[in-house]
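Letter by letter, the chains look like this.
There are 2 protein chains.
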Amino acid sequence: MSTDIEISQATPLEPIEKIAAKVGLTPDQIEPYGHTKAKITLPLKQHHQLGKLILVTSINPTPAGEGKSTVLIGLGDGLNRLGHKTVLALREPSLGPVMGLKGGATGGGHAQVVPMEDINLHFTGDMHALTEAHDTLAALIDNHIQQGNALHLDPRQIVWKRVLDINDRALRQTVIGLGGRTSGVPRQDGFDITVASELMAVLCLSEDLTDLKRRVNRILIGYNTDKQPVTVADLKVGGAITLLLKDAIKPNLVQTLEHNPAIIHGGPFANIAHGCNSVLATQTALQLGDYAVTEAGFGADLGGEKFMDIKTPVLGKTPDAVVLVATVRALKYNGGVKRADLETENLDALKTGSANLVRHIHSMQQYGVPVVVAINRFTSDTDAEVATLTKIVEDLGVAVATTTEWADGGAGAEALAAKVVTAANQPSTFRPLVPAGADIMTQMTAITQKIYGGARVELSGKAQRQLKKFAERGWDKLPVCMAKTQYSLTDDAHQLGAPKDFTIHVREFSPRLGAGFVVALTGNVLTMPGLPKHPAALDMDIDENGTITGLF
Amino acid sequence: MSTDIEISQATPLEPIEKIAAKVGLTPDQIEPYGHTKAKITLPLKQHHQLGKLILVTSINPTPAGEGKSTVLIGLGDGLNRLGHKTVLALREPSLGPVMGLKGGATGGGHAQVVPMEDINLHFTGDMHALTEAHDTLAALIDNHIQQGNALHLDPRQIVWKRVLDINDRALRQTVIGLGGRTSGVPRQDGFDITVASELMAVLCLSEDLTDLKRRVNRILIGYNTDKQPVTVADLKVGGAITLLLKDAIKPNLVQTLEHNPAIIHGGPFANIAHGCNSVLATQTALQLGDYAVTEAGFGADLGGEKFMDIKTPVLGKTPDAVVLVATVRALKYNGGVKRADLETENLDALKTGSANLVRHIHSMQQYGVPVVVAINRFTSDTDAEVATLTKIVEDLGVAVATTTEWADGGAGAEALAAKVVTAANQPSTFRPLVPAGADIMTQMTAITQKIYGGARVELSGKAQRQLKKFAERGWDKLPVCMAKTQYSLTDDAHQLGAPKDFTIHVREFSPRLGAGFVVALTGNVLTMPGLPKHPAALDMDIDENGTITGLF
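Each protein sequence line maps, in turn, to chains A and F.
First residue of the first sequence? That's 1 in full-length UniProt numbering, and the numbers climb one at a time after it.
First residue of the second sequence? That's 1 in full-length UniProt numbering, and the numbers climb one at a time after it.
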């Protein structure tokens, strides 16, 4: 059996100008990066009617694998096969994890975006531009303190850390500024992975360069010795930081293995940020395609909810249909089956575990958008299991289709594509979860009850004190961005299925004024991953012709 | 008067395919990055006779400014104006300093390489790829220690630090691995600026991907608890690190303001590394042009010497002529004139300071290569000063020309170009400074006496002990790379002119086994710069159309 990278390398790619031409982009509307990648020049002058917006999300992720990106890519190819001009809008992968565990974020099998090596490695340099911009801001902060500290920044209250696009646990907690008076002011610091940078969220929510600069200027960098917030605007470096992102803000164009256009741009964490690709990328896909298929990170409780409540208001367009990806394996895992036993038929566990899928269906339906379930079929799934799961969904009156795009490419998602077209053309009315301007507590309670299926929200003493401060500072009605484990609907990663009557515990809040939301932290959220005992890097190689092995 | 960025922005650029075609490169031999930048696909299949190689170097740099890059670019345009197909090969600028002090590394006035904003910012991502590769290796080292430390690496003897392409003094000395057992093993660490990474030197000396991987594997990362050296090969990640540099190894093609081809690739420090652009870039320029004009960092005592002694043996081609750039201002500064008084005519100081130029002429002549002096004329230079300096050079029997490329572009360097053509076509025989295989002490003594004009080399106790160890390990006959202040021929930055009978003090050695040389450290070499009190970043901005101001 061929690996993903072998399938990818065996498929001749079309020149990117040809892919661009398929959606009416002329050579001067794109900026090539090599022969098979390009950035799309902004502002885009296309003004045809916006396409239909399809959001692909999933059940809670499990170690069994759901294949959300693979389904999304297959769906795009499937829609194109049915004659609907479709443009994908995906998130940009982070390079850090690539060196740790095998497996990229570019789909799999015969449903991939290509060139997959480049997309998973440096791509068009967006992540590196974000790293450079983020750390330049950090250097300017420490330099300000060193050079007289006119803003009276409190070195103990700098909230702007540093970042690298690397899994490097040894940088989580550091002491910097050692070495005497010419080498900075000593203080505690730490590094996050680049995708956790607020700048990534800012980039993904910006409408244009002007909006980007406005958001950058709003970013909270710390507090002064009077405990008052200090922003980038106070430091007067918003222009310089924005300038470093002048190319990163432009969406990237590549192709699927079936030579359909895919935009890959922006990839903020779906826990401490909103987990959706850029507003500009999705807008571009909507302007170029009759259908734009996009995704959100982790499950419908995290990325899905944030797409609806954080991204949609900025995007100015609500989804016309939601695709919920589930697998028999993952639902059996949710039903209590151990990882080693997932290939054995188990209808009872499947029925029990399906509660997780049902919960997510109900969650998404509350937004007033039609839901279609995609069962991403694995070879070990039995016919009885697939039939059982299909019936569970159909009994709810929800459309469902089985997909096999991993083995069959877009042909394996044509049935799903047909159901998505039907759903997206139904009359529907988007309903926000809470009215605009609701306070943070109201928002969190609504999310807990209506999306997670829980009962209540409890605040730590610190979180309570923060909310009071936020009210004084006018931050109390910003959208809330929940930072919660992706593995459970609750804030405890081990509670699978669809728990009820539980409490969400909010430990603390983190204001992300540039992104325009407040992160509510439940439990510990790791913002700098580590490498495993046998990192994938040990098995990678490149030969004299530049052919890569061991990457995926 | 227009600024550099205004002149650059006012000049319409030609499409990079057109620039490539001027030197016979077809569209499939380049990989475009936008419309005016490209990488050249390797291996290059051109096999015409190699062009003439012109090395541009200078007197010791002073705060008065020499304009070496500007002369180089003007010379290239001048040669092209005279009908000689000429390709430039320049170093790639570092982004870190751009945020600190105004002024890029892309020439000035009407002698610039463009698009200057892009070249000075992220360009084609080479620096970022190096940062990522360097820090990925660092993360893999700390992960190895964390995950059982099978190689018994001594955390107190890790020589592989971390890097960022940012001026950030607060990262010079850090403590990492804090936060308990899941967050690494605490140890002292620090960050250098990316151009100081050994990987930059490795990239610049590699002949191809295979050589790059061989060099990466040789890199010394630290010592084990038995004090034995440990390399990248021992860690088994040479393939992964090389793979991250697969695009960075390809030379970048841009154009001058006069639309002549310029290759800009690689830029290692000229003190702790060899300070020359990549071997692949220079080879490519030689394969594409009848003349290849290249440069080396700082003055002839640093970059010039290293070009001859470190780069030339790898390049397999010796220079056909050396251009030594000098200015009246810088020589007056060397003659004792204060910075504020440089615009006042002072023939005596000029004569005294010219000793610096004469020393560098003699140094370069020892390699058996014809020398041409370029007097880069500033508006404040008087006719008498220029005539005096011209006579000093002519009296040595050395060719000399005055240039005004800053004001006049290539037309201002035609006289220089004509003299360079004459010199490069003289019969000449390259003579190395010392025979291949000479030991480190012999090399250092020869450099001190024949290049710096000094008398002797003194080793610290530590350096003496290191040399003994190196002999045991077979490192004692590697080429030596002197790390010395660029401001003086001695190891004391304040001794201007051409001191005599001085001692060079070697504090310690740093083996760079991947690059293939041993760095001899004299005095303190700062490998992570800081930002000034008023960083240039404070004056930068970008408007809604992406137009940049305040960058230069």
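One or more of the hints may lead you astray.
Chain copies aren't distinguished; within one or between two, either way the pair holds.
As the list claims (entries may be wrong) - Straight-line alpha carbon distances no greater than 27 Å define the calculated DSS-like cross-link-like pairs of lysine-lysine that follow: (1) Lys246 / Lys18; (2) Lys391 / Lys351; (3) Lys246 / Lys533; (4) Lys338 / Lys317; (5) Lys450 / Lys477; (6) Lys533 / Lys468; (7) Lys22 / Lys317; (8) Lys500 / Lys45; (9) Lys18 / Lys351; (10) Lys351 / Lys85; (11) Lys351 / Lys317; (12) Lys236 / Lys419; (13) Lys317 / Lys469; (14) Lys45 / Lys533; (15) Lys533 / Lys338; (16) Lys351 / Lys500.
These aren't lab readings, by the way, just hints derived from the structure by calculation.
Hints, verified against the model:
{"no.": "1", "hint": "Lys246 / Lys18", "in the structure": "both (25 Å within a copy, 26 Å between copies)"}
{"no.": "2", "hint": "Lys391 / Lys351", "in the structure": "within (10 Å within a copy, 96 Å between copies)"}
{"no.": "3", "hint": "Lys246 / Lys533", "in the structure": "between (38 Å within a copy, 26 Å between copies)"}
{"no.": "4", "hint": "Lys338 / Lys317", "in the structure": "neither (41 Å within a copy, 65 Å between copies)"}
{"no.": "5", "hint": "Lys450 / Lys477", "in the structure": "within (19 Å within a copy, 73 Å between copies)"}
{"no.": "6", "hint": "Lys533 / Lys468", "in the structure": "neither (44 Å within a copy, 37 Å between copies)"}
{"no.": "7", "hint": "Lys22 / Lys317", "in the structure": "within (24 Å within a copy, 48 Å between copies)"}
{"no.": "8", "hint": "Lys500 / Lys45", "in the structure": "neither (49 Å within a copy, 68 Å between copies)"}
{"no.": "9", "hint": "Lys18 / Lys351", "in the structure": "neither (47 Å within a copy, 64 Å between copies)"}
{"no.": "10", "hint": "Lys351 / Lys85", "in the structure": "neither (37 Å within a copy, 75 Å between copies)"}
{"no.": "11", "hint": "Lys351 / Lys317", "in the structure": "neither (36 Å within a copy, 74 Å between copies)"}
{"no.": "12", "hint": "Lys236 / Lys419", "in the structure": "neither (52 Å within a copy, 49 Å between copies)"}
{"no.": "13", "hint": "Lys317 / Lys469", "in the structure": "neither (33 Å within a copy, 69 Å between copies)"}
{"no.": "14", "hint": "Lys45 / Lys533", "in the structure": "neither (50 Å within a copy, 43 Å between copies)"}
{"no.": "15", "hint": "Lys533 / Lys338", "in the structure": "within (23 Å within a copy, 60 Å between copies)"}
{"no.": "16", "hint": "Lys351 / Lys500", "in the structure": "within (17 Å within a copy, 90 Å between copies)"}
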